[in-house]
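Spelled out, the chains give:
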Amino acid sequence: DGGITQSPKYLFRKEGQNVTLSCEQNLNHDAMYWYRQDPGQGLRLIYYSQIVNDFQKGDIAEGYSVSREKKESFPLTVTSAQKNPTAFYLCASSKGDFGNEQFFGPGTRLTVL
Amino acid sequence: GQQVMQIPQYQHVQEGEDFTTYCNSSTTLSNIQWYKQRPGGHPVFLIQLVKSGEVKKQKRLTFQFGEAKKNSSLHITATQTTDVGTYFCAENSGGSNYKLTFGKGTLLTVNP
Numbered sequence: 012d013g014g015i016t017q018s019p020k021y022l023f024r025k026e027g028q029n030v031t032l033s034c035e036q037n038l039n040h041d042a043m044y045w046y047r048q049d050p051g052q053g054l055r056l057i058y059y060s061q062i063v064n065d066f067q068k069g070d071i072a073e074g075y076s077v078s079r080e081k082k083e084s085f086p087l088t089v090t091s092a093q094k095n096p097t098a099f100y101l102c103a104s105s106k107g108d109f110g111n112e113q114f115f116g117p118g119t120r121l122t123v124l
Numbered sequence: 002g003q004q005v006m007q008i009p010q011y012q013h014v015q016e017g018e019d020f021t022t023y024c025n026s027s028t029t030l031s032n033i034q035w036y037k038q039r040p041g042g043h044p045v046f047l048i049q050l051v052k053s054g055e056v057k058k059q060k061r062l063t064f065q066f067g068e069a070k071k072n073s074s075l076h077i078t079a080t081q082t083t084d085v086g087t088y089f090c091a092e093n094s095g096g097s098n099y100k101l102t103f104g105k106g107t108l109l110t111v112n113p
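Protein chains in written order, with my numbering: chain H, 12 to 124; chain F, 2 to 113.
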């Protein structure tokens with residue numbers, strides 16, 4: 012089965028702890044993305060990566076970090092510096108050519124207590 | 002970066018009624034994409050429009066791109082309960098091949 016997997020589906024953390032969200036794709040896509048979704052806010056881009064070992068900040072990168080050591084994987088770390096980390100996090104990938112559709116994973120709902 | 006304004010934010014219809022959501026920009030868009038997110042699910046790509054005045058149809062869904070490429074619409078004819086969800090438009094930000102800027106979405110609910 013080709014697709015994007017995110018784990019876990021639900022995640023709970025205490026305030027002040029860093030947490031890493033996993034995203035894996037077997038679509039052989041070059042580009043990968045992380046979005047944050049809050050009620051009534053649509054999707055906001057956190058980071059994206061066009062190719063292995065390269066990534067760029069999106070619109071709301073503060074308090075987050077990423078790595079892209081393998082084509083298939085694009086983990087997101089939510090650091091303790093993120094002031095309001097409770098949200099639904101979506102990972103996506105695309106072929107990377109102009110205007111290509113993005114394929115989304117099922118998402119991880121993070122709750123920081 | 003560019004912003005796309007999407008209206009309405011919510012729409013409740015009776016099954017069988019039509020539904021339209023609009024996406025507007027103050028600047029010319031290179032292209033526009035539409036996604037659907039079912040409740041509790043993740044966004045799924047519906048279509049991309051590139052050409053001025055383009056109209057595309059998928060069964061009961063009709064997508065339009067304005068002549069000036071500053072607005073787009075999604076129209077659903079005779080809604081069904083399976084149409085429930087949030088519909089997002091998205092555009093490539095500032096000419097980037099990769100970055101998409103999403104509208105805030107229109108949540109459609111359908112009363113059977």
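Hints listed in this document are in silico derivations from the structure and should not be mistaken for laboratory results.
Even glycine gets a Cβ: it sits at the ideal position worked out from N, Cα and C.
Keep in mind that the hints are not guaranteed to be accurate.
To be verified - Now the in silico label distances, taken between C-beta atoms and shown as ranges: (1) T78/F <-> N64/H: 25 to 35 Å; (2) K25/H <-> A79/F: 48 to 58 Å; (3) E18/F <-> A92/H: 46 to 56 Å; (4) V45/F <-> R120/H: 11 to 21 Å.
Okay, the hints, checked on the actual structure:
A beta carbon spacing of about 48 Å between T78/F and N64/H contradicts the range 25 to 35 Å that was offered as a hint. Judged by the Cβ atoms, the range 48 to 58 Å given for K25/H and A79/F holds: they are separated by roughly 50 Å. Range check, E18/F to A92/H: about 47 Å between beta-carbon atoms, so the 46 to 56 Å window is met. Separated by about 18 Å at the C-beta atoms, V45/F and R120/H satisfy the suggested range of 11 to 21 Å.
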